[in-house]
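> Given next are the chains, with one letter for each unit.
There are 2 protein chains.
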Amino acid sequence: MAELRGGIDLGGTKIQAGIVDPGGEVVGEARHPTPTEGGPEDVAAAMATALREAAEDAGVEPDALIGIGVGSPGDADEKTGAVSSARNLPGWEGSFPLAENLQEALGTEVKIGNDVQVATEAEFELGAGKEFESLIGVFWGTGVGGGLVLAGKPWLGRGAAGEIGHVVVKRGGAKCPCGREGCLEAYAGRKAMEAEARSRHEDGEKTDLLKLMEKHDKPRLTSGIWERALDHEDKLAEELIERAVEALGTGIASAINLLDVEAVILGGGLGIRFGERLMEPLTQEMEKHLFVNERPPAVRVASLGDLGGAIGASLLVSR
Amino acid sequence: MAELRGGIDLGGTKIQAGIVDPGGEVVGEARHPTPTEGGPEDVAAAMATALREAAEDAGVEPDALIGIGVGSPGDADEKTGAVSSARNLPGWEGSFPLAENLQEALGTEVKIGNDVQVATEAEFELGAGKEFESLIGVFWGTGVGGGLVLAGKPWLGRGAAGEIGHVVVKRGGAKCPCGREGCLEAYAGRKAMEAEARSRHEDGEKTDLLKLMEKHDKPRLTSGIWERALDHEDKLAEELIERAVEALGTGIASAINLLDVEAVILGGGLGIRFGERLMEPLTQEMEKHLFVNERPPAVRVASLGDLGGAIGASLLVSR
Chain A
1 MAELRGGIDL
11 GGTKIQAGIV
21 DPGGEVVGEA
31 RHPTPTEGGP
41 EDVAAAMATA
51 LREAAEDAGV
61 EPDALIGIGV
71 GSPGDADEKT
81 GAVSSARNLP
91 GWEGSFPLAE
101 NLQEALGTEV
111 KIGNDVQVAT
121 EAEFELGAGK
131 EFESLIGVFW
141 GTGVGGGLVL
151 AGKPWLGRGA
161 AGEIGHVVVK
171 RGGAKCPCGR
181 EGCLEAYAGR
191 KAMEAEARSR
201 HEDGEKTDLL
211 KLMEKHDKPR
221 LTSGIWERAL
231 DHEDKLAEEL
241 IERAVEALGT
251 GIASAINLLD
261 VEAVILGGGL
271 GIRFGERLME
281 PLTQEMEKHL
291 FVNERPPAVR
301 VASLGDLGGA
311 IGASLLVSR
Chain B
1001 MAELRGGIDL
1011 GGTKIQAGIV
1021 DPGGEVVGEA
1031 RHPTPTEGGP
1041 EDVAAAMATA
1051 LREAAEDAGV
1061 EPDALIGIGV
1071 GSPGDADEKT
1081 GAVSSARNLP
1091 GWEGSFPLAE
1101 NLQEALGTEV
1111 KIGNDVQVAT
1121 EAEFELGAGK
1131 EFESLIGVFW
1141 GTGVGGGLVL
1151 AGKPWLGRGA
1161 AGEIGHVVVK
1171 RGGAKCPCGR
1181 EGCLEAYAGR
1191 KAMEAEARSR
1201 HEDGEKTDLL
1211 KLMEKHDKPR
1221 LTSGIWERAL
1231 DHEDKLAEEL
1241 IERAVEALGT
1251 GIASAINLLD
1261 VEAVILGGGL
1271 GIRFGERLME
1281 PLTQEMEKHL
1291 FVNERPPAVR
1301 VASLGDLGGA
1311 IGASLLVSR
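These protein sequence lines are chains A and B, in that order.
Number 197 in our numbering belongs to position 197 of the first sequence; there are no gaps in the numbering.
Number 1129 in our numbering belongs to position 129 of the second sequence; there are no gaps in the numbering.
Hints in this document: simulated from the structure, not taken from any laboratory.
Every value quoted in this text rests on a predicted model; they were computed, and no experiment measured them.
Hints may contain errors.
Claimed, not checked - Simulated crosslink set (DMTMM-like; lysine to aspartate or glutamate; CA at most 25 Å straight-line):
id, chain 1, residue 1, chain 2, residue 2
1, A, 153, B, 1131
2, B, 1153, A, 125
3, A, 79, A, 57
Make a model of the complete structure from these sequences and hints.
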């Protein structure tokens, strides 16, 4: 039972906790929806609950873990353990001492890192990116996040590298949840896609998306709802997914033209659910804009699945 | 006189040769226009002539140089010394053994590198980028090229990194000389700008650009002609330069969102000529799209000027 680490992946939709052994295997796990109301304290409380349940699943006490890593959205400061500007979380515009709060609640050391960066590193170390030396992780979910590994090492820049969701795909284009115009996320982020679907529905376009959401008792258009709508050949869902794939292909091609990495790892809720299904249109869109189009990068779906973020977060502990 | 290196910067408009001492100082130089007709042999002959004149200017025989470096557009293979797909040069779609050809003509070892990558490294080692650890070089000229230095080292990816000119700024946008749509270069490259100016002139828009070109006996719209047209408040020139600056700001912001480097070094014929004059609108456009806009990167005009490419090329010799 020695040497177990905890990992918590804090997403815009769900909190995934895992207990990870030294070989990278998940020996206990739990999942909670991310609170949609309240503030950072409520989110932290839900995170502590998820971690306790995962520990119970693994048959270990939280304070017996050698440490817990957290992959967080927003601006996660590895040194202070504070998280600020987590826009996709309720009431989290300011700074909140997340590591300190969880450390008190769970009784072991807590380290904080950027959610997509740790998930990228997990795929690089243990998942779909194992065979490559350089890659970009693209996490297609509530927002569109990214992480970079160059020559075998994470590239963080001045701390905020990898924001592929805010690579501009269309100057003067759609409004992004970040407030800017034409970002990849403005077309492909689930939050932006839901806003577009609601707005077009209000303007009279026919769609079953919102009916399906109510029928399945979901508070928002989850990736499962989008999938059902595609299975029903819902025209608006098809159109918005196609629009998202076009934007993803364009933004990823821009990143490859700039970085020329070996591989693209596609993760996130929508990426994992739709990666294989949409691989062909996605790579076609990408290749339209690749400058060296005779040797496109490998494109792989994240293989650690929903647990990649929590596994990656647990890797923070050994640092 | 010992330890002198030659450097040749092969551009779409001009060939700049320099003789460089071990401290990075240029002790002899010469410049020739790049042939607009013929093929690679003609271009190589003009390069050899320029280098011989620079050597004469420095009072040294070409075969007494410890080596000559060449910064070339297109796909420059450092290992074989061949250059292929140099689209901005006449008749140079295929592969040509440039190093071998020049070595025979000049009697000393010749090394080949990518023009913008060597110019970026020159600025990093000796120029405007000296104080930074990570930067992107943006070379705004006939095309728009780029080079990366990350954590003090060149980042080449699989050999073709840094193509910021083919980062997409507008999906479905203007046709680029590379054949794709919406690339930064489609709006900001001098070749694309000239094509747009000619097309709008043919459609009846008023402009003095072409008159100025004829008056000053230039075969194309050089950066000097663009500057004169701006000085004359030529509306079309103003509009096309503004459009270029918007595209540059957008593409550079996308690169910063992805890489979060410390600095942007703006070089190239148009970049050096207009960098200071257009710094304010350029940084304003950039900041519209920066994800972490409270700490924008430093933006500096290349300080080695027109000689940066030749100096950077000469640095290839010591490798």
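> Next, verify each hint and record whether it holds.
Hint by hint, here is what the structure shows:
Among the hinted pairs, residue 153 of chain A with residue 1131 of chain B is consistent with the structure: their alpha-carbon atoms are about 23 Å apart, no more than 25 Å. For the hint pairing residue 1153 of chain B with residue 125 of chain A, the CA-to-CA distance comes to about 23 Å; that is within 25 Å, so the pair holds. The suggested pairing of residue 79 of chain A with residue 57 of chain A is violated, with an alpha-carbon distance near 30 Å, which exceeds 25 Å.
Hint compliance for this structure: hint 3 is the single one not met.
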